[in-house]
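> So the chains spell out like this:
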Amino acid sequence: MSTEAIVTATRARAGKTPKRRALTIITEIWLPILLFAIWWFASADSTSIYFPSLQSILEALGEMLTQRFASDIVPSLQNLGMGLLIAIVSGIAIGALLGLSPGLYRAFQPLLEFMRAIPGVALLPVMLVIFGIGSSMKIAVIAFGAFWPIMMNTVDGVLSVDGMTREVSKSYRLSRFDHVLRVVLPAASPQIISGMRLSVSLSVILIVASEYIASTEGIGYIELMSARMYQMDTMWASLLLLGVLGYVANVLFRYVEHVVLRWHRGVRGNTQGGQG
Amino acid sequence: MTQLTVEKEQLVRPALTVSGISKTYGTGAEARQILGDITFEAYDNETVSIVGPSGAGKTTLLRCLAGLLEPTSGTVHLRDQLVTSPPEQLAVVFQDYSRSLMPWLTVQANVELPLRGKAGLTKTERHERARESLESVGLGSSGKLYPWQLSGGMQQRVAIARALAYQPTVLLMDEPFASVDAQTRSDLEDLTHRIKARYNMTILLVTHDIEESVYLGDRVIVMSGTPTTVTEIVPVDIPYPRDQITTKSTREFAELRAHVLSQIRTTTG
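If you read the sequences in order, they're chains A and B.
Sequential numbering from 0 applies to the first sequence in numbering that gives the first Met the number 0.
Sequential numbering from 0 applies to the second sequence in numbering that gives the first Met the number 0.
In case anyone wonders, no lab produced these hints; they're calculated from the structure.
No residue lacks a Cβ here, since even glycine has one placed at the ideal position from N, Cα and C.
Misleading hints may appear alongside valid ones.
As the list claims (entries may be wrong) - Residues from chain A that face chain B, not an exhaustive set, calculated with beta carbons under 8 Å:
no.	residue
1	161
2	173
3	229
4	262
5	266
Could you build the full structure based on these sequences and the hints that come with them?
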């Protein structure tokens, strides 16, 4: 690739102009639209019970979005958000504490490795017994499952903060507060965010699983019940909705990452481009 | 009587007093002595260059002076205060600017960061002080940029501005210009001269560059040997203002340079 081509490629990736942005969007959505169209026409005359036409699935989805929005979709999202929030706050706080006190970390490590090895779904019956059927149980399961990747990545990130960075902090007598909030956590943020990314996917799994086990509401509950009652269009619609929600969560997360880690990309861009 | 002695002592105390510093890493058979019995002073408004071959433990010495590393024996005093942890009247410019600046903070925020701990500074005062010191290193309009958007020389200027905003009485510089190109290096050397003229500070400059040590120093402390000791303290009586072309082409400069070089050669070779 010539130098010019590299420059052009870099510009395209940066996607600054509206024209470029439009082009990026088009390259990303033409295939989904095509597949959707194929699905629509191929399933139009479907007589199969298991694979209804896309049209009826979308009708079921529309019905779900209008009639069961407050009763099922909102609770699912609320529990997901709440569980994730608890995991993020406690994961970063405890991770930072352990990362900053290596002695404490070494003492806790075997226990943490053990707890982390327990699959989140394995806690469903336990939480069910403790909290009963309801939001608390789901939030607890999500918070537990999503906590580990964030906490472990925070520890890793904090432990790998550059020695020079610590030295600067020390020689300029930064307060403990400033050192943690303005130096250590930002330095560890690339790892923390990749932990959060894992946790988001994990918590989607956990919310659905918790709605299967014991629940009277939620998207997972709709899916399970409609499958049991052979309402295949509603079943597929809830699956479609889960996919879309997961996708939207990922896009939102990518945007947050884009803003928070702007400096990280900048530094990396510099060291890679520094060769020339 | 007692009061008189104290007063007298305060009058003569240099800005920085280093007495009998030594540093040994490891113990027993694996013990490796890096620094052996180093003693010198640095006075007010004086620039002291510490020069020696690479690996001579210059950075170890600087870290002891900065309170970042505890010497095995000996003491460091900043005026009357025994240095056991980083003192408030001391700032450090590290060699590796790409690691010493925080890439997630803007240039302005980088300079302001150490000021947060200074008692009695309001947010506006912090901001103003940072802006002023950025201006004094010629970066008055770069405050909103990030360090990684700047060239190496400019990044080191930010690190210098950060140290200046801290308003130290002693400024330690650890090979500050070792990672920039020759042209930038001489620009930064001249910037150091301007800073010296403008601020009341004692500057300690650690370098392996003999020419730089003479050009910037009022005295040059030559270090060499294993463990490292002070070979000679060479006074540099070249008048200010000094400049890259005329000062460096004087006979006096050439002689001092040759002298320092021979001092390092005789003890290492």
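> Hint by hint, say whether it matches the structure.
Hints, one by one, checked against the model:
1. 161: Holds: closest Cβ of chain B sits about 6 Å from residue 161 of chain A, inside 8 Å.
2. 173: holds, 6 Å
3. 229: With a minimum Cβ separation of about 55 Å from chain B (threshold 8 Å), the hint on residue 229 of chain A is violated.
4. 262: holds, 4 Å
5. 266: The hint holds - residue 266 of chain A has a Cβ within 8 Å of chain B, the shortest such distance being about 5 Å.
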